[in-house]
Amino acid sequence: MLHLARGLRERGYCQIVVCREESELEACARKEGFPTFSLPGHDLFHMYGVLLLRDMLRAAPCDVLHAHDGHGQTVSWMASVGLRVRRVASRRVAFLPSEGQRWTYSLKYAHTCDAVIAVSDFIRQGAIRCGLPDSMIEVIPDGIELPAELPSSETRAKARTRWGATESEFLIGQLGAFTHEKGQDVALQALQILKQSFPQARLLLAGDGPALSNPVMARRYAALGERVCLCGTINDLREFFSALDLFIMPSKSEGLGSSALMAMAYGLPVVASRVGGLPEVVEEGRTGWLIEPGSPGALAEAIIAAAADQARLQQWGLNGRERARRFTVDIMVQRTEALYRRLMAG
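Each number in our numbering comes from the position in the sequence shown (counting from 1) with 226 added on.
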């Protein structure tokens, strides 16, 4: 959302970031000079905040209200119903209601906004199955920042030293929230399979989340010892990606796969699950490998295949960087601006 806000500001748009008070988003937006409208934190269903937001929209009308998650869309609609404003909702998650409850999805989006942005064609197809008209859905993938150049050998060496990796080790990375659908458990099981046959493999797991406190996961970390490193939240993405030989994304559910795109932008080949929007990001046989979700054995096999051919690994990394150029922040901003303009013209 901040990537979009920065791009729109450069194009001359006035914006207000609506967010929860004392949130990380509020702090980041204010630090970058964006006006903010903060919803009270202890407010059941944001009912009081909705009234405050409605008063603000009446006093200072806007052209477009863009909600970036499902809860935000509810707040957006409640605060603006009956007002002359175009409402846009972004859908990034692959979750869909059960067969008998799909009417709720259609009710939530088809009747409360003017356009839905799906970050992948997979999400678009799911929305259509739930009853949304194809005409109101625009596929605009989330954009990533493309580094100006690939990491140098010196940068790589320093990054590997930072994580305690030698040049003889094969360093694998995963970046994402520690939740069940991200598949860190699959990565740990795959590394356990490789413990004897490929002892050079080491795994960096970056991120934070509830799965970190899972007792089963804790035992798996302990069993692997120094072969796995829990990196926590990563602020310097360049340092993280520069150290790696291979990036993995063994997700069980994924709307798009922005972490895979970021890795590709740094010239890394990717092993990803064949789920959600990931096949739209990773080109099998050209930028990486697509495997069945939830299969530690398939992930272990792909890691061995990746390490077996260094020339292919390097070429597929270069191919991945070229593919990532199709998913930049600038492209996302241009396409979102074009959607806003079409809605305002209509």
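Read the hints as simulated data drawn from the structure, not as lab findings. A virtual CB, placed ideally from N, CA and C, is assigned to each residue, including glycine. Any given hint might turn out to be false.
[To be verified] Quick list of in silico lysine-lysine cross-link-like pairs, DSSO-like style, CA-CA up to 30 Å: (1) Lys334 x Lys384; (2) Lys421 x Lys257; (3) Lys478 x Lys421.
[Said to hold, decoys possible] Each pair of labels, with its calculated beta carbon distance range: (4) Gly296 x Cys240: 23 to 31 Å; (5) Glu375 x Glu452: 29 to 37 Å; (6) Ala537 x Thr405: 33 to 41 Å; (7) Phe271 x Thr392: 34 to 42 Å.
Hint-by-hint comparison with the structure:
no.	hint	verdict
1	Lys334 x Lys384	violated, 49 Å
2	Lys421 x Lys257	violated, 46 Å
3	Lys478 x Lys421	holds, 23 Å
4	Gly296 x Cys240: 23 to 31 Å	holds, 26 Å
5	Glu375 x Glu452: 29 to 37 Å	holds, 32 Å
6	Ala537 x Thr405: 33 to 41 Å	holds, 36 Å
7	Phe271 x Thr392: 34 to 42 Å	violated, 54 Å
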